[in-house]
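Engineer: Here's the letter readout for the chains.
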Amino acid sequence: MEFTEERLSRYSRHILLKDIGIKGQQKLAKGRVLIVGVGGLGSPVALYLAAAGVGVIGIADADVVDLSNLQRQIIHFTPDVGKPKVVSAARKIAELNPDVTVVPHEEFLTAENAAAIIRNYDFVVDGTDSFPAKYLINDACVFERKPFSHGGILRFNGQTMTVIPHETACYRCVFPTPPPKGVVPTCAEAGVLGAIAGMLGTIQAAETLKFLTGAGTLLTNTVLTFDALDMTFRKISVKRNPRCPICGKTPSLVELRDEEPAVCDFSPKGAP
Amino acid sequence: MKITVNGVATAFDAAPSVADVLSADNIALKGAVSVQVNGEFVDEGGYTETVLNDGDELDYLFFLGGGSRR
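These protein sequence lines are chains A and B, in that order.
Just so we're aligned, residue 18 is where the first sequence starts under this note's numbering, counting upward by one.
Just so we're aligned, residue 96 is where the second sequence starts under this note's numbering, counting upward by one.
Here chain B stands alone, though its shape is the one from the complex (with noise of 0.2 Å):
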């Protein structure tokens, strides 16, 4: 099945959670990013219970923090 995980097509055996996805990108940390599923957000804890569907897209977005300062 494909989900399309920020914008590209990406393969998963298996229906994968939120989790499952961030995992795969290698995004082990909590509270690092902001997660939607098809335009909706995500809160953390439904993370590891919201499976996703053929097609769905999910995206994700960084905290960056830059700017002023040293």
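Okay, chain A solo, but in the shape it has when bound (with noise of 0.2 Å):
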């Protein structure tokens, strides 16, 4: 990418980071990400992508924005209600930056569909909301070695964790199988403080930026937690699960497939 006066006035923040400068700005142009969920997450991380002059952001929803995603999913504006998620989010990162080419991907991810669109990306981030999905994107990341951001919300909580497949501990290495039926609530069932969505998101796109830029030491091996309430962060250190179902030493996933989704009918006592 040319840099040009305007594009340095407007990376001129990145630019003056040692850690960035124009070589990592140049990264980010060459970045391909994508956003597995535009909605409480991935509006967050869209939009700092955009600002930070990713490339190609592409994102991956086949929701279409609702009244109630509006407390928390920023990308989105109250005359988005009713519009498909991916194309009132592609407008404002158009409007936002115009260096950055969306892609579109106008579906949900299934075992059918996954590695071919976790194929043509860098970097993937997952801001879904359901386990069968996060399972999904851990395995096909895994199969595709492709690195990943994982991020979980619920009430107060945010968590996260970075993975570089088969190098550091991945989903399965510390969450083998999704949780029983009943035993964890989602964010539509327990609720979640909308600023939450933003501070977890927000983590994930510095990630990201860290990855493509090579800044910093990446959020791997790590899983970093938080409870708004009292507003305690907790690393916690993880290593690789020789017993990991997909990535340990004798893995019994050999190939992608669609997990079941949990019915999450009521919240455990002594839950986050």
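Treat the hints loosely; a few may be bogus.
List time: in silico SDA-like cross-link candidates among lysine to any residue, alpha-carbon distance up to 25 Å [stated by the list, open to error]:
{"hint": "1", "chain 1": "A", "residue 1": "Lys252", "chain 2": "B", "residue 2": "Gly102"}
{"hint": "2", "chain 1": "A", "residue 1": "Lys100", "chain 2": "A", "residue 2": "Asp139"}
{"hint": "3", "chain 1": "B", "residue 1": "Lys125", "chain 2": "A", "residue 2": "Lys44"}
Chain A regions said to be covered by chain B (calculated; three or more residues, Cβ under 8 Å) [said to hold, decoys possible]:
{"hint": "4", "region": "231 to 241"}
{"hint": "5", "region": "256 to 268"}
For the record, the hints were derived by calculation from the structure and aren't laboratory data.
All of these numbers come straight from a predicted model, not from anything done at the bench.
We put the CB at the ideal spot given by N, CA and C, even for glycine.
Two chains, two separate frames, one set of hints: put the complex together.
Structural biologist: Have a look at this one:
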């Protein structure tokens, strides 16, 4: 990418950073990132990656904007209710930064399409709200050896981990199988403070930008969790699990499959 | 004896199992957490038989599923 006066001005605060600079900004311009789910997490991720000048941003989502989304899904505005989320998000990204190419995938990731979609990108961001989708993203990224950022939020809590498949712990290393039915509620059932999505999504965006530029140390082999009620942040070290069903010593998963959606009908005592 | 549970030193009268520590924190439901003792994952089948020693560190992580959609 040619650094015109306008671009030097647009990205000046990045270029000033010794860990980014012109070279890092060039890497961002060449970066290709897939955001799966442009909702609570995907909204801030998409906006920050667009503002940062990431060259290609793919957004995969088959949902339409609902009024109940607007409390936290900040890329969508009131007039967008009823529109496909990829259309709403693509328009905001284009207005924010015309340097960015948006690739809309107006579909949900499935065992059939995941690998083919993921293959086109350098990095994947999990912004989904269901365990089948989270496991599918993990599994597809492990099979495709595609680095990704896992993220989850609920109520006042968030948790994230960055995965470099076959090098660092994957989601299944920590959580080998989805939770049993009824054990873990989703945001739709238990609620979530809107700003929590921003906190966690912004961490995922920062991890993406660090990955693309090589700046700093990624949240690999580390789960970052926070509780915004008292603003405690914790980093828990994890390592690759030799019994991991997908990247362990004797993997039992050898091809993509869709996990059964859990029916979450109540919230457990003691859960976040 | 003291066990460090999620970073907090916690006193127990007798050597607790992983199951004891979880139930002390009101985590009754199976499959709700991922457990590590001194940095090693403990499978759910081993919660009762895995007994902790003074000074051990136990970390448990909840599943958090939220993100997109309604």
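Engineer: Indicate, hint by hint, whether the structure satisfies it.
Structural biologist: Here is what the structure says about each hint:
{"no.": "1", "hint": "A/Lys252 with B/Gly102", "in the structure": "holds, 10 Å"}
{"no.": "2", "hint": "A/Lys100 with A/Asp139", "in the structure": "violated, 28 Å"}
{"no.": "3", "hint": "B/Lys125 with A/Lys44", "in the structure": "violated, 45 Å"}
{"no.": "4", "hint": "231 to 241", "in the structure": "violated (count 1)"}
{"no.": "5", "hint": "256 to 268", "in the structure": "holds (count 3)"}
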